[in-house]
Amino acid sequence: MTLYGDLDEISTIPPPTSADRRPEHNDTCVTHEIRAEEDLLSARHAVREATLRAGFGLVDQTRIVTAASELARNAYVHGGGGTLTIELVQQTGRQGLRISVSDDGPGIADLDAAFTDGYTTGAGLGHGLGGARRLMDEFDVTSAPGRGTTVTAVRWSGPR
Amino acid sequence: MTGGPRGGVPILRLGDVLVTGLLNELDDKSAIAFTEELTERIVDDRARGVLIDISRLDLIDSFVARTLMELTTTARLLGARVIVAGMRPAVAITLVELGLQLSGVETTLNAEQGLRALGWEKAPAPPTERGVS
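These protein sequence lines are chains R and V, in that order. Take the first sequence: its position 98, counted from the start at 1, is 98 in my numbering, and no numbers get skipped. Take the second sequence: its position 72, counted from the start at 1, is 1072 in my numbering, and no numbers get skipped.
Since the hints were made in silico from the structure, they are not lab data. Don't take every hint at face value.
[Claimed, not checked] Covered by chain R, according to a simulated footprint, are these stretches of chain V (three or more residues, beta-carbon under 8 Å):
no. : segment
1   : 1010–1024
2   : 1027–1036
3   : 1091–1104
[Said to hold, decoys possible] Think about it this way: if two alpha-carbon atoms lie no more than 16 Å apart in a straight line, the pair counts; the simulated EDC-like pairs of lysine to aspartate or glutamate are:
no. : chain 1 : residue 1 : chain 2 : residue 2
4   : V       : Lys1029   : R       : Glu49
5   : V       : Lys1029   : R       : Glu38
6   : V       : Lys1122   : V       : Glu1112
7   : V       : Lys1029   : R       : Glu87
Heads up, the beta-carbon is just placed ideally off N, CA and C, and yes, glycines get one too.
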């Protein structure tokens, strides 16, 4: 076996991610496909687990998982499915959890209306988007008709 | 498993009261199946009251909230009073922030208070061994 062969073999081994070794640091990133109804449940489990790893208390855990559940359901019901990404993030000593939900659905034509409690184009209560925003510290929606929707939300631990 | 609980939790009958609960692993299908089964049981058992224990539920999102509100309304139209018991404090805080007050849904702190509200009193303590000659 040549030296180059050895190197090739080594290079095919994926580098250990920080998720494997140091889950308390950032760049931990998990992605979940939301294609079927069952995926909503597994997405919730993944978010719950991440909140535990980030050290959130019980109320914050519940807030974050509930917000994620609303966003994942929006992507499933209105966007025809999508992707949920969970990231542990850090900022000036604070630990945070970022959840992003993207779909390739029809997009949201009127964002202001979508944030209004009671506004719904589906069969829900119309509290999903506005409610999820209240449960998180940072909340950003990117959407345009025909271009899908991406919601990114962060909750920070500690005093706010 | 024919006749098994479709919503995951058995529905017990105590006199004219049905007692059941929701589990934390509630997906949409289970929630809908639960609603249908409970509605049928209210009619079949001529129930006047329904106690739903939610102390195992670690999350109520807008879907579960809607399920509980619709279930309560449907039961009321069938002449039964629904009490939702045992909501966890973290769930209550989150629900309020989410903007959902479960309007029209009667709640109690725990299942015992719920049963009492539905007419079931705490049984007297059983006689002790010493009292028996």
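Hints, verified against the model:
Closer than 8 Å: that is the beta-carbon criterion, and the segment 1010–1024 of chain V has 0 residues meeting it against chain R, so the requirement of 3 is violated. Here the segment 1027–1036 of chain V counts 3 residues with a CB under 8 Å from a CB of chain R, which clears the bar of 3, and the coverage holds. By the rule of at least three residues with a Cβ nearer than 8 Å to a Cβ of chain R, the coverage given for the segment 1091–1104 of chain V holds, with 7 such residues. A distance of roughly 23 Å separates the Cα atoms of V/Lys1029 and R/Glu49; the hinted pair therefore is violated under the 16 Å criterion.
Of the supplied pair hints, the one linking V/Lys1029 and R/Glu38 holds, its CA atoms being roughly 9 Å apart against a limit of 16 Å. A C-alpha spacing of about 8 Å is found between V/Lys1122 and V/Glu1112, which places the hinted pair at or below 16 Å, so the restraint holds. Proposed proximity of V/Lys1029 and R/Glu87 is contradicted: the alpha carbons are some 29 Å apart, above 16 Å.
Taken one by one, the earlier hints fail for this structure at numbers 1, 4 and 7, listed in ascending order.
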